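Line by line, the protein sequences give chains A and B. In case it helps, this note's numbering puts the first sequence at residues 1 to 312. In case it helps, this note's numbering puts the second sequence at residues 1 to 312.
These are computed hints drawn from the structure, not numbers from a lab. Every value quoted in this text rests on a predicted model; they were computed, and no experiment measured them. The beta carbon of each residue, even a glycine, is placed where N, CA and C say it ideally should be. Incorrect hints may appear among the rest.
[Said to hold, decoys possible] Each computed DSS-like pair below joins lysine-lysine, with the alpha-carbon atoms no more than 27 Å apart:
id : chain 1 : residue 1 : chain 2 : residue 2
1  : B       : Lys72     : A       : Lys72
2  : B       : Lys72     : B       : Lys151
3  : B       : Lys264    : B       : Lys309
4  : B       : Lys122    : A       : Lys248
5  : A       : Lys109    : A       : Lys248
6  : A       : Lys109    : A       : Lys10
7  : B       : Lys210    : A       : Lys309
8  : A       : Lys306    : B       : Lys257
9  : A       : Lys306    : B       : Lys285
10 : B       : Lys248    : B       : Lys264
11 : B       : Lys200    : B       : Lys123
12 : B       : Lys123    : A       : Lys264
13 : A       : Lys72     : A       : Lys123
14 : A       : Lys307    : B       : Lys182
15 : B       : Lys122    : B       : Lys11
16 : A       : Lys11     : B       : Lys192
17 : B       : Lys265    : A       : Lys265
18 : A       : Lys264    : B       : Lys248
19 : A       : Lys11     : A       : Lys308
20 : B       : Lys307    : A       : Lys192
21 : B       : Lys230    : B       : Lys265
22 : A       : Lys192    : B       : Lys306
23 : B       : Lys306    : B       : Lys93
24 : B       : Lys306    : A       : Lys285
25 : B       : Lys174    : B       : Lys123
26 : A       : Lys309    : B       : Lys285
27 : A       : Lys151    : A       : Lys217
28 : A       : Lys248    : A       : Lys265
29 : B       : Lys123    : B       : Lys93
30 : A       : Lys307    : B       : Lys264
31 : B       : Lys257    : A       : Lys264
[To be verified] Derived coverage of chain B by chain A (criterion: at least 3 residues anywhere in the stretch with Cβ under 8 Å from a Cβ of chain A; other residues may be distant):
id : region
32 : 25-34
33 : 286-293
If you want the building blocks of each chain, they are given just below.
There are 2 protein chains.
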Amino acid sequence: MYNIDNIDPKKIYDLIIIGTGPSGLGCAIYAARFALDILIIGNLYGGLITTTHIVENYPGIPSISGPELMEKFRDHINSLDIPYIIDEIRTVKKENNIFELKSFFNSFKAKTICFAMGSNHKKLEIPGEEEFGGRGVSYCATCDGPFYKNKIVAVIGGSDSAAKEALYLTQHAKKVIIIYRKDEIRAEPINKQRVLENDKIEIIYNTNIKEIKGNEKVSSLVLDNNNEIKLDAVFIEIGVLPNSNLAKIIGVQTNEKGEIIINKKSETNIPGVFAVGDVADSQFKQAITGVSEGVIAAYSAFDYLKKKKIIY
Amino acid sequence: MYNIDNIDPKKIYDLIIIGTGPSGLGCAIYAARFALDILIIGNLYGGLITTTHIVENYPGIPSISGPELMEKFRDHINSLDIPYIIDEIRTVKKENNIFELKSFFNSFKAKTICFAMGSNHKKLEIPGEEEFGGRGVSYCATCDGPFYKNKIVAVIGGSDSAAKEALYLTQHAKKVIIIYRKDEIRAEPINKQRVLENDKIEIIYNTNIKEIKGNEKVSSLVLDNNNEIKLDAVFIEIGVLPNSNLAKIIGVQTNEKGEIIINKKSETNIPGVFAVGDVADSQFKQAITGVSEGVIAAYSAFDYLKKKKIIY
Numbered sequence: 001m002y003n004i005d006n007i008d009p010k011k012i013y014d015l016i017i018i019g020t021g022p023s024g025l026g027c028a029i030y031a032a033r034f035a036l037d038i039l040i041i042g043n044l045y046g047g048l049i050t051t052t053h054i055v056e057n058y059p060g061i062p063s064i065s066g067p068e069l070m071e072k073f074r075d076h077i078n079s080l081d082i083p084y085i086i087d088e089i090r091t092v093k094k095e096n097n098i099f100e101l102k103s104f105f106n107s108f109k110a111k112t113i114c115f116a117m118g119s120n121h122k123k124l125e126i127p128g129e130e131e132f133g134g135r136g137v138s139y140c141a142t143c144d145g146p147f148y149k150n151k152i153v154a155v156i157g158g159s160d161s162a163a164k165e166a167l168y169l170t171q172h173a174k175k176v177i178i179i180y181r182k183d184e185i186r187a188e189p190i191n192k193q194r195v196l197e198n199d200k201i202e203i204i205y206n207t208n209i210k211e212i213k214g215n216e217k218v219s220s221l222v223l224d225n226n227n228e229i230k231l232d233a234v235f236i237e238i239g240v241l242p243n244s245n246l247a248k249i250i251g252v253q254t255n256e257k258g259e260i261i262i263n264k265k266s267e268t269n270i271p272g273v274f275a276v277g278d279v280a281d282s283q284f285k286q287a288i289t290g291v292s293e294g295v296i297a298a299y300s301a302f303d304y305l306k307k308k309k310i311i312y
Numbered sequence: 001m002y003n004i005d006n007i008d009p010k011k012i013y014d015l016i017i018i019g020t021g022p023s024g025l026g027c028a029i030y031a032a033r034f035a036l037d038i039l040i041i042g043n044l045y046g047g048l049i050t051t052t053h054i055v056e057n058y059p060g061i062p063s064i065s066g067p068e069l070m071e072k073f074r075d076h077i078n079s080l081d082i083p084y085i086i087d088e089i090r091t092v093k094k095e096n097n098i099f100e101l102k103s104f105f106n107s108f109k110a111k112t113i114c115f116a117m118g119s120n121h122k123k124l125e126i127p128g129e130e131e132f133g134g135r136g137v138s139y140c141a142t143c144d145g146p147f148y149k150n151k152i153v154a155v156i157g158g159s160d161s162a163a164k165e166a167l168y169l170t171q172h173a174k175k176v177i178i179i180y181r182k183d184e185i186r187a188e189p190i191n192k193q194r195v196l197e198n199d200k201i202e203i204i205y206n207t208n209i210k211e212i213k214g215n216e217k218v219s220s221l222v223l224d225n226n227n228e229i230k231l232d233a234v235f236i237e238i239g240v241l242p243n244s245n246l247a248k249i250i251g252v253q254t255n256e257k258g259e260i261i262i263n264k265k266s267e268t269n270i271p272g273v274f275a276v277g278d279v280a281d282s283q284f285k286q287a288i289t290g291v292s293e294g295v296i297a298a299y300s301a302f303d304y305l306k307k308k309k310i311i312y
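Okay, chain A solo, but in the shape it has when bound:
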């Protein structure tokens, strides 16, 4: 990692990429190959995929853990000597076609920017959720699953991510209860089948939870039918919120979900501003599709700079 002391605040980069997940790093790899002067800024190295236990759907790599996949990306970044720093951009403005990004202590300038900040886990917003955070309430089975060996845990949600979290948790817990508000889980068929066939998993359909109870730590859940389930932990996996607030500051268009609207070239409505990965409005969000959007954004940034005769 590059030290912040090596960053010249007066320098105007060709491209600054905000986000260190697969799509941001995919963008960086190609931008470096295009010989653009780039900087990557992010606050969680590797992005949300590093919380994934097993990735079997990055074509070309049959099976790998999320952290290992991102180590491979880091090797790739390092092989191209690409600078990146850990920092959190708080605001952005555009002046004379130059973008200025500011964190608490630093300021960075660039001719083009790429938003690759991904998304964060949605919260249930019920009593007990915040109180027991880190004490039985978790948004990451891979991170916290091993603490619940032979315990009873719940997964809230019925998406593919929820199914995968539940499957992973069966490796530790003695029982995993999926609680889902609809009448059928909507995981990828391969994962759905694995869930339905797994003896350790029980599914409660058409049900919401009202409250998370406990003392020192989580001890039970109250359902909306007022039934109470005793357990040791609850993993909340009810979707994500795109981290698009920063982009909105300079007028980048978003859809009703808050996702940044991009075209086939990863362009937003503002020239010189690109968006890729989970923060963007692509319907089908996968590591591989985000990486491809990043790659295309690098090409589009290169093309934009060339057409404006800023490079070459």
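Given the coordinates of chain A, assemble chain B onto it according to the supplied hints.
Then chain B, alone, in the frame of chain A:
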């Protein structure tokens, strides 16, 4: 590989993918995860990328040869037990929303199809080109470069592919002459720089070639200024032609380059027909972007079948 004898000609597949390059296999990997009943049909396992000496731009895999990358894809395909056969589809028709694909000896039926047939090398169409094919005229440096150890060879073209072919050839030949019709090569900057800095490479700009001469094998090139260059081999790298003729039979729309027009969902103008990779009209064609298009096509096919209540 599945034997053709195991294929039931009466079976109607959910999805047939035509093409075995990265984009077709990316599509297959996801389609299998969606539990679709699929078949891959192709005539060159791994696609054109298998003729690439070194791939350093598949994010997550810093450096690998084309054939090795496609071995990884094959492992991925095999881990999901996906059937594929080597055959060449000659014609296609649509009847009652079922597509029927025919090769010389076989016939296959599917509810959806994905065109992933990539592209083929363009030819110069000058005297001597066909005559000396395989005897000094080549379209694949990786395949034929090693035959020209300490010889003089030419690369015709100035694209990124041409630059990479030239760089690869310097590992074998004593001299590599790039002949290009424009006044500047248009390779990725990283490769352009490598070419310009390589002592073994000479570039002749603003020049076409008129004829390839030889006896048993290639002995010289005649340029359009009538100069004649003595050499041992000529590698032609002047672009590609998309293999879209099959798609055109059922009215799939193509652009002026013959590429199949797709939207962000990898959909063509015909419902149930998808196209991905080099045969499609994406501006920036890379292995990673083709794979992503394939992945998205699998999702779109799944979505199409679900909405038509053909599956689930």
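Next pair to validate is lysine 72(B) with lysine 151(B); report whether the Cα-Cα distance is within 27 Å. Roughly 34 Å between the alpha carbons, so the hint for lysine 72(B) and lysine 151(B) is violated.
With a cut-off of 27 Å on the C-alpha distance, tell me whether lysine 174(B) and lysine 123(B) pass. Between lysine 174(B) and lysine 123(B) the Cα gap is close to 25 Å, so the pair holds against 27 Å.
Restraint check for lysine 307(B) with lysine 192(A), where alpha carbons must lie at most 27 Å apart: holds, 19 Å
Would the hint linking lysine 123(B) and lysine 93(B) be met if the CA-CA limit is 27 Å? Distance ~30 Å between lysine 123(B) and lysine 93(B) Cα, so the pair is violated.
Stated coverage of the region 25-34 of chain B by chain A [criterion: 3+ residues, CB within 8 Å]: holds (count 7)
Need the status of pair lysine 309(A), lysine 285(B): alpha-carbon distance at most 27 Å? holds, 23 Å
Check the hint pairing lysine 123(B) with lysine 264(A) against an upper bound of 27 Å on the C-alpha distance. violated, 30 Å
Holds or violated: lysine 192(A) and lysine 306(B), Cα atoms, limit 27 Å. Judged against 27 Å, a Cα distance of about 16 Å means the pair holds.
Between lysine 306(A) and lysine 257(B), does the CA-CA distance stay at or below 27 Å? holds, 24 Å
Taken at face value, is the distance from the CA of lysine 265(A) to the CA of lysine 265(B) at most 27 Å? Cα-Cα ~13 Å, so holds.
Does lysine 265(B) sit within 27 Å of lysine 230(B), going by the straight-line distance between their CA atoms? violated, 50 Å
Quickly compare the C-alpha distance for lysine 257(B) and lysine 264(A) to 27 Å and report which way the hint goes. holds, 18 Å
Checked against the numbered hints given earlier, the structure breaks hints 2, 4, 7, 12, 13, 15, 21 and 29 and satisfies all the rest.
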